[in-house]
Structure formats: C-alpha cells, structure tokens
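So the chains spell out like this:
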Amino acid sequence: MEFRTRDGVAKVLNGVSYHVSAGETLAVLGESGSGKSVTAQTIMGILDTPPGFITNGTIKFRGEDLLTQSADARRQVRGEGIAMIFQDALSALNPVFTVGFQIEEQLKVRRGMSKADARKRAVELLDQVKIPNAKGRVSDYPHQFSGGMRQRAMIAMSLALDPELLIADEPTTALDVTVQAQIMDLLAEIQKERDMGMILITHDLGVVADVADRISVMYAGRIVEHADVYELFRAPGHPYTESLLESLPRVDLRGQELKTIKGLPPSLTNIPPGCPFNPRCPRVFDRCVTEVPAVHNLGMGRTSRCHIAEEVVARG
Amino acid sequence: MGRYVLRRLLQLIPVFLGTTFLIYALVWAIPQDPFAGKCGQRPCDPAYIAEMSQKLNLNDPLVVQYFKYLGNLVVGDFGTTFNGISVGEQIATSWPITLKMGIIALIIEAVIGIIAGVLTGLRKSGFLDNLVLVSTLFLISLPVFVTGFVLRLYLGPQGFDLMDTSVSSDPSFGELILPGFVLGSLSMAYVARLTRSSIVENRRSDYVRTAIAKGQPQSRVVGIHLLRNSLIPVITFLGTDLGSLLGGAIVTEGVFNINGIGGLIFRGIQEKEGVMVTGIVTLLVLVYLLMSLLVDLLYAVLDPRIRYE
Chain A
1 MEFRTRDGVA
11 KVLNGVSYHV
21 SAGETLAVLG
31 ESGSGKSVTA
41 QTIMGILDTP
51 PGFITNGTIK
61 FRGEDLLTQS
71 ADARRQVRGE
81 GIAMIFQDAL
91 SALNPVFTVG
101 FQIEEQLKVR
111 RGMSKADARK
121 RAVELLDQVK
131 IPNAKGRVSD
141 YPHQFSGGMR
151 QRAMIAMSLA
161 LDPELLIADE
171 PTTALDVTVQ
181 AQIMDLLAEI
191 QKERDMGMIL
201 ITHDLGVVAD
211 VADRISVMYA
221 GRIVEHADVY
231 ELFRAPGHPY
241 TESLLESLPR
251 VDLRGQELKT
261 IKGLPPSLTN
271 IPPGCPFNPR
281 CPRVFDRCVT
291 EVPAVHNLGM
301 GRTSRCHIAE
311 EVVARG
Chain B
1 MGRYVLRRLL
11 QLIPVFLGTT
21 FLIYALVWAI
31 PQDPFAGKCG
41 QRPCDPAYIA
51 EMSQKLNLND
61 PLVVQYFKYL
71 GNLVVGDFGT
81 TFNGISVGEQ
91 IATSWPITLK
101 MGIIALIIEA
111 VIGIIAGVLT
121 GLRKSGFLDN
131 LVLVSTLFLI
141 SLPVFVTGFV
151 LRLYLGPQGF
161 DLMDTSVSSD
171 PSFGELILPG
181 FVLGSLSMAY
191 VARLTRSSIV
201 ENRRSDYVRT
211 AIAKGQPQSR
221 VVGIHLLRNS
231 LIPVITFLGT
241 DLGSLLGGAI
251 VTEGVFNING
261 IGGLIFRGIQ
271 EKEGVMVTGI
281 VTLLVLVYLL
291 MSLLVDLLYA
301 VLDPRIRYE
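For the record, the sequence lines run as chains A and B. Position 226 of the first sequence, counting from 1, maps to 226 under our numbering, and the rest follow consecutively. Position 143 of the second sequence, counting from 1, maps to 143 under our numbering, and the rest follow consecutively.
Don't take each hint at face value.
A few chain A residues facing chain B, derived, Cβ under 7 Å [what the hints assert, rightly or not]:
| # | residue |
| --- | --- |
| 1 | I46 |
| 2 | R78 |
| 3 | S91 |
| 4 | Q128 |
| 5 | K130 |
Far from chain B by the CB rule (all over 10 Å, computed), these chain A residues [said to hold, decoys possible]:
| # | residue |
| --- | --- |
| 6 | M44 |
| 7 | I59 |
| 8 | R75 |
| 9 | P282 |
| 10 | N297 |
If you're looking for bench data, these hints aren't it; they were derived computationally from the structure. Cβ coordinates follow ideal geometry from the N, Cα and C atoms, glycine included.
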C-alpha cells in the first residue's frame, strides 16, 4: 500500500498482516502516522485512488480475497460484512440529515425495508446502544446530540446491517475520559452479544489493556510486534513496545520525570534504511542500521521484527 | 422561528421607508421644472400645470408629498403619468413578462450551472473541467448586451436561421427561452463555479467517507450526501439572484425588444415620468426585500444547524 504524492512515493504500509476471528478483539496500536487508520481504510476499500495504490497483498474476508472482487461486490461487503466507526462522530455523521435518516437509509437501501419498519428498527438500534428516549431522539440532528451520544448513534448505524466485523478507528479519542470508558464498555458488550470480530485502532495503551485479546503494534507502516495482550504487557518483544510501556505514567513512580521516546516517527517518504526504529531505539547496534529485521517467531503466536527479539522478551 | 420572521418583517418597514423616500426625493426634488417639454414645443398651459400640480401634490413640502404618495400606494393607487396613463395598469401588463423571463433565466442557470458544477467538481482537472472553467470565464467577461446581440444575430433569420428570435408583445414561454438564457448566462457561470468549488470542498469530508463506508451506492453518496450539503450556498445564491432577475433587465429587454419592467423603468427615466419611476422602484424594493427574507428562511430550512431565535 503506497501513497503517490508530489513529494515522492510514501510506502504507507509494508508487510502488515493480521487476522481477526469472530468474537475476538484485535487492537492495532501505534503513534499518529504509523499507518493504523490507513490499514483500516484499505480493508474497507474507502481509500481514494489516487493517491492511494495497493501494490500487492491480500485482504481475506470469509475466505475470499476482497482485493480481487468487483467494486460492487466490495460495496456489498461494506456495512453488511465489515462496518466501521470513526473518530469524530460530529464530522463523520452528515450534518443535514437526522440520525434516524442515516440509520434508516442503510435498512431501506440495503435491505429494502419499508419506511415504517426501518424507523422501528432504528429506534431499537438506538435503544441497544443505550440512548435514552430513543423514540424521541431518532428525529434529532447530529448536532443536537452530545459527543458521547453521537458516538453511540454512529455505533447504532454501524450495527444496522449486523456486520461480522467492526472496525473502530480511535472511537473514543474525541471524547471525555468518563465517556470514553462508557463507549468502550458498550463496544465490548455489543461485541460479546453478537459474537462479532472487532479491530480496535488506538494509540491508548489503557484502552488496549481493557478490551483487547491480541495486539498488533505498528511503527512506520509495519507491524513490529504482535502478541497476546497479557504476554505483551508482561514482557514486550520489541524495543518500541518496550519504550511505549515505559512511557506510561505510573502512580508508583510519582515525582520522577516521565520517560518519553526520543525523536520523531520517520517520514513515510523517507524511511531510514535497516530497522525503521533504529534512530530512536535504545538497544540499537550496527546491524540495525543496515539490515531490515526479519519476523522473529517467539512462540504462542507472538512475533517481533527485531534482530534481538529473543533477548528483549527474555529481559522483560 | 415565528418571532424571527416577525422581527425581520418589522425591520422591513424602516428599510422600505428609507429607500422609497430616497427615490421619491431623487425623482421629484431635482431642481428642474417637471413640466419642461411635456407639452410639445410650447410651454404647458397654466391650467394644465395647475391641475397636475394639484394632482401630484407638487405644491406641498417634499415630505408631505411623499407621505401622500405613500398613502395612495397603500390603497393600491400607483397614480397616472402626465398623459393620464395608469401606472398600475402598465405594471400589470409588464410584470408577468418579466416574471416569466426571470423564472426561465433562473431555471436555465440553476440546471445548467449545477450540472456543470457537479460534473467538474467530481472530476477535477479533466477536459470537461477546463472546458467549463474557460467557458464560464468567457461568459463572465462578456457584457450581456454582447451575448444578447451575438446570439440573436447568429441564431436568428439573418444568421444560421435556427430559430425565430423575435419576441411578441405578449410573449409565450417558448419565445422567452433565448432572452432568458442571455439574462441568466452571467449567473449561470457563477452557479457553475460556486457548485464546483462547493463539491470539491465537500467530497473529501468525513460524512462522505462515512457514506462510502456504509456501502451506499455511488449515486446516493453523491446525489444525497454530497449534493445536499454542497447545494446550500448555491441555493442561497439562486434565491438572491431571483430577487434581482424579477427587477427586470433593461439591457436584455432592450436587445430583444421585450415589454417588461426593465423597459418600462428605462422609458420612465428617459421621459421624466416621475410617477412611473417611483411606482416601479418602490415595487422592486419590496420584492427584493421579501426575496432576501425568503432566502434567509430557506437557509435555515436547508441547514438544520442554523436556528433563528
């Protein structure tokens, strides 16, 4: 996956691979610009071409490669098979249509439901995402909802066609902390109820620890580490993950300076040779600058793209 | 909403009084004998002058004259010209023609402008985009009388003889299509450009991405989600434009010899028919004020985020 821009070709995604099963939550963790959202939008097929070009790879859903499907078949998968919710519900919902209209639209256009049935179902869906007085609020406009309610409405909309996989792209980033927790609980609950797969894109380690089963850590358009959530927090297998965990504020280290990762993530048009993390890595050595690390298998489905992965995980 | 409309309607009163008084003053307070040249080569008969001065209240102070005139207007009396022709009747004959031509112009500029704007907005920097950009620039830079004369000449019997370009005294909709096109051509170019930039701005918006992610068909993504938002500024422009189209078009009506409001007001000014000029202009002020109120209300209907309190 690459973006062809005036400043050159940006290799946005490179060797990204993950899978999600029904009822499972995969968290995709990474800094801004690491390619988390682009991965999600590539799966959905909603990236604009140009500038986005998928040069190779496969996206398999229910055993079929989405990339070889016709545009229309792919469109059918969107909403019905894979649904997506976005970060900022205020701009992601259409400002000039009521929330009800935007949910009913899915039911009417995609399912051929009658107006009355669609309205009834929309109220049910809003009720399921715990919007108080759903019947009264269904004909409100997005700007009349509070931030948390808007995100709930968007979740309701994404559930309209009972998708098997839900991609949540930073669903709580734009919300207050207390509301964040409520939305994450709601997502977890809905997922359990429907036995739905979920890809949760986030940069928030706390969110990850709460709801994810497995984690893929992304850096500069690559997955640098992939692990079970408990394993990863117990013993990170990549220096980047290690640095991320160390930069978390901790109550027991009160008064000490907060650790940060030095430097900035690389520009995707100009990824450093060797391991892309080498300019910022505390464990860097000569091989890192010249040689791209291969995927190291650490057992139990764990992988890490680090030359000294075994050593890193053992020290944890 | 109700209170807002009421407040706006009340605001119309001072604006209406101010503008009409200004016009009245400009027409009647000019330091010139209003009877000059009204009776052929000879000076007017004193009896006639006395009668008309009495009728037009010319002996009263200007403010009194104005309010007497306004009082007549309120009961629907537009007065008569120096020749005794009823101004109200003249307006009643010309107004429907102007209305027809204005509506035709509006339809043409809206339909062609919006289609051109949407097509070019969706496919930026293609052949069509360049074509529309150049042709709209062309229309914007050409004065209307040039567009009018050129089209009339080349499409008519003296040119390629494609259509009858003459317009009768009581024209049908068909006869007014060409004049309507000429009248609307400038705004058509603006509508196309406004639509284009609005589409370009909105097509990358988050809600369009959401509609695509929902798996809505392309026709609905563009036709419902994108268009509904992009047309808000365009429709408000068209509303304001209708206000000015209904004011008649002196140039277009002149080129095609149409007996509309524009022609009437032009002749009124030329022949120093004060009653005619003030009557029509007062009416136009009223129409324009009501249209702009309508546009503001329409704006609130189109964009639910806007609420007038």
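Hints the structure fails to honour: Those not satisfied are hints 4, 5, 6 and 8.
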